[in-house]
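Novice: Residue numbers (the working numbering), protein chains in the order written: chain U, 1 to 644; chain X, 1 to 221.
Each hint should be verified, as a subset may be incorrect.
Stated by the list, open to error - List of simulated lysine to aspartate or glutamate pairs, EDC-like, C-alpha gap at most 20 Å:
#1 U:K494 - U:D430
#2 X:K47 - U:E233
#3 X:K47 - U:D422
#4 U:K494 - U:E473
#5 U:K494 - U:D483
#6 X:K47 - X:D72
#7 U:K499 - U:E530
#8 U:K17 - X:E59
#9 X:K136 - X:E175
#10 U:K17 - X:D72
#11 U:K494 - U:D422
#12 U:K576 - U:E233
Said to hold, decoys possible - Far from chain U, some chain X residues (derived; all Cβ distances over 12 Å):
#13 S33
#14 H58
#15 D132
#16 E166
Hints are computed from structural coordinates only; laboratory data are not their basis.
Even for Gly, the Cβ is constructed at its ideal location relative to N, Cα and C.
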Amino acid sequence: MDSIWPQLERLLPQVAKPARYIGLEDGAYVATRTPEKAGWLLIYPDTYEIGLPNQGLQILYEILNERTDAFAERTYAPWTDLGALLRTNGLPLFSVDSHTSAASFDLLAFNLSAELVYTNLLECIDLAGVPVRAAERKASDPLVVVGGHCTYNPEPIADFVDLVVLGDGEEVVSEISVVVAEWKASGRGDDSRTHVLRELSHIEGVYVPSMYDVTYEGPAIRAVTPRYPDVPERVEKRTVADLADWPYPKRQLVPLTEVVHDRLNVEVFRGCTRGCRFCQAGMITRPVRERPADQVRTMVSEGLRRTGYDEVALTSLSTADFSGIEQVVAATVADQPNGNQVSVSLPSLRVDAFTVGIAAEIQKARRTGLTFAPEAGTWRMRQVINKLITEEDLFAAVDSAYSQGWRRMKLYFLTGLPTETDVDTLGIADLARRCLALGKNHHSSPSVTISVGGYVPKPFTPFQWFGQNTQVELQRKINLLRDNLRRDRGVALKWHDSKASVIEGLMSRGDRRLGPVIEDVWRKGGTFQEWSECFDFTNWTDALETHGLSLEWYVYRHREEHEVLPWDHLSAGLHKDFLWQDWRDALAEVGLPDCRWTPCYDCGACTGYGIEHVVASAKPPAGGSQGTGQQLVFLGRKPEPVGA
Amino acid sequence: MRVRFRFTKHGKVRFTSHRDVARLWERALRRASLPVALTEGFSPRPKVHFGLALSTGHESMGEYLDVDLRPDDVGSVVVDDLPGLLSPLLPPGLEVTLAALADRTEDSLQQAVTLCSWRIEVPDLHVDCLSDEVAKLLARSSVEVTRERKGKAVTDDIRPYVHLLEVVDGVLFAELGTQPRGLRPGELLAAFEAPATEGLVCRTHQWISTDGARREPLAAA
């Protein structure tokens with residue numbers, strides 16, 4: 001295949017940050033293309049700086065390139081300047097590895113981690129020269145595959161994708177490669193596209209939207225049914241049982257230009273069972289699978305040596321819960337692979353003094369800011385969302401941090417949560433003020449920054465039935481906080497655009513009727529919608545009106561218990577009646593402990609797939625809070641199977 | 001102990017910025033386990049000193065970098081081996097061509113270099129037209145241009161910065177002064193009467209002038 005580099009090279013002096021498009025990263029593969037191999041173009045539909053560090057994409061890139069029947073290259077969404085230049089010069093989307101045209105690959109595989117990138121998905125497909133609607137694609141066109149957290153409800157983009165992968169991709173990409181390689185060997189005849197899609201629908205974890213019919217009853221969905229008897233009625237997610245078998249990425253990509261998370265990243269565990277009810281990631285990635293501590297240590301020291309980075313992040317949904325945390329941290333600080341001090345970062349800190357102790361261990365220098373996520377301003381609200389952090393935990397953590405040299409605290413909160421009243425919203429300001437007061441005992445000018453996001457209900461969480469706060473209501477709450485904190489020097493308030501939260505909510509729980517809305521917004525140039533300078537709310541509301549759809553129905557409305565949800569034919573392993581019971585418990589302000597260290601309450605994630613938590617230590621980590629060192633009985637009922 | 005490196009920047013990697021190249025060097029030096037001296041304080045940084053910035057998109061045959069090594073740990077470092085050690089640790093297109101001990105008492109690269117030689121492709125202009133523009137510009141005693149410096153519009157005479165300007169085989173060769181402000185190839189072309197934009201630009205040499213004579217910070221062997 002020909003490289004478009006000679007033509008591209010002439011355009012790059014005209015665009016911002018041209019190093020985004022040159023490839024050459026250390027760790028990149030020079031893939032050998034042969035006609036027999038299934039060729040994957042892995043696409044992160046946001047800028048290079050955001051997409052390059054994505055671990056999921058890098059893991060699949062390595063696994064595919066280690067196979068003999070497949071190869072993989074990568075690309076990212078070209079920024080609007082290059083997108084326009086590509087169109088005026090008649091050039092296609094290209095891979096950054098070999099600058100080969102996207103349409104020359106057999107699969108365009110998108111990593112979708114946020115709903116607002118959906119219009120970029122269409123932009124990339126179109127720039128590739130492929131019809132944006134799956135129904136219009138021919139046998140010669142690539143298959144469009146999507147995976148990632150958003151795709152647990154892929155219905156809004158069902159018109160544009162050929163297949164959806166649910167859950168961990170490590171195993172399933174190989175199974176897809178085998179089928180696609182056979183399809184290529186068969187010569188990809190004129191009517192072979194439907195055949196290969198039907199074949200792919202037999203792979204566990206693969207959902208082919210075009211193999212299902214959706215029927216409606218007024219505005220509601222009556223049923224989603226497979227069109228053929230061999231197509232599964234319900235598609236279950238894929239789960240890798242043991243991370244120890246998957247020590248990827250083995251050669252993390254080191255970019256030539258600055259990106260987010262520009263450091264070595266080592267995933268220490270996947271899954272989370274804290275059970276925070278707003279958190280989709282914690283629900284859909286169960287059970288907990290820890291990487292063995294000695295494997296983490298090897299990946300850290302090898303990775304630092306190979307990349308030359310002086311910083312490593314131990315990643316997971318809550319790294320302080322990793323049972324080998326103390327061992328790994330001590331080893332990393334002692335190893336110093338490049339003869340220099342290595343800094344370790346824990347991107348998601350638990351709120352307690354034990355965690356601050358670990359942070360102190362690893363951050364000898366540069367103690368500037370620490371971030372905690374209490375998520376809600378009152379204990380009542382935190383019981384509703386099952387983020388069981390007491391005020392004592394939070395203040396102990398903050399006091400400990402201030403006393404050990406940190407001066408800036410950053411606290412994350414959500415507003416617009418179920419049952420939230422203004423007392424809860426203003427509780428956020430109150431907590432911030434009390435944290436600042438603690439800081440004044442240790443420093444002359446401490447600071448507290450509170451970052452407030454509008455809550456967006458997500459599929460496969462207990463809050464999937466909850467009617468999201470309206471844009472007006474979310475904005476009112478943000479204003480309430482802003483006014484309340486106006487006189488507080490030392491407390492800074494940051495918030496997310498409430499309009500963007502509403503559109504995220506629209507996509508999060510939408511159905512197939514939103515396809516034309518997404519297409520309209522994209523045709524009006526609405527790309528990069530997660531970037532505030534590009535986001536255009538009116539584009540979305542206009543498109544909804546054009547197609548006779550409303551935010552009221554899709555976003556603001558509470559769902560009924562027995563309503564057919566657009567994603568009911570997909571499964572993240574969680575029993576729907578477990579989620580419903582947890583929703584009722586939330587409304588009753590009843591907490592649920594972490595099942596890693598308490599008896600099983602049968603959410604379905606382990607039992608349904610015959611797998612178990614992989615936790616190195618059966619003992620909860622010392623000094624913890626939720627589900628760890630505390631008595632939990634007072635928080636509510638003891639764990640017991642629900643809805644069995 | 002200070003080591004001065006000379007390196008090239010060619011091909012795709014020319015689209016990285018000056019800051020990007022600095023980060024690439026820092027990682028390569030760590031990967032090579034060289035005993036690079038660190039700054040004092042809470043956020044120790046490696047003591048590396050870069051020369052004049054090269055614009056993103058320009059190639060170079062002669063970029064420079066000074067690296068200070070910890071005097072107690074330099075025993076194992078063989079300076080002549082460093083180009084072969086470091087080139088594979090840098091991306092393709094960044095190639096270390098020379099390394100030599102440098103005198104720490106000398107001026108920094110940014111102060112010492114007073115002149116750069118450039119090879120400038122001007123695809124918009126026919127060779128006759130280009131030669132004509134060169135002759136016209138050289139004939140003028142002053143060339144006032146307004147250009148942006150640190151966000152402010154500044155008008156000055158660029159003629160004293162133009163030390164040599166000639167067309168060879170249809171390509172523009174220039175020697176442009178760097179002190180106090182430096183003249184960029186694009187700014188030179190903007191002073192032509194005919195509209196011209198730069199094509200591929202390559203910095204071929206950097207020069208240090210002392211007592212009327214000039215030399216490169218590290219002479220190519």
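Novice: Are the hints correct? Go through all of them and say.
Specialist: Taking the hints in turn, this is what the structure says about them:
no., hint, in the structure
1, U:K494 - U:D430, "holds, 16 Å"
2, X:K47 - U:E233, "violated, 63 Å"
3, X:K47 - U:D422, "violated, 54 Å"
4, U:K494 - U:E473, "holds, 17 Å"
5, U:K494 - U:D483, "holds, 13 Å"
6, X:K47 - X:D72, "holds, 15 Å"
7, U:K499 - U:E530, "holds, 11 Å"
8, U:K17 - X:E59, "holds, 16 Å"
9, X:K136 - X:E175, "holds, 17 Å"
10, U:K17 - X:D72, "violated, 41 Å"
11, U:K494 - U:D422, "holds, 18 Å"
12, U:K576 - U:E233, "holds, 16 Å"
13, S33, "violated, 6 Å"
14, H58, "violated, 10 Å"
15, D132, "holds, 25 Å"
16, E166, "holds, 24 Å"
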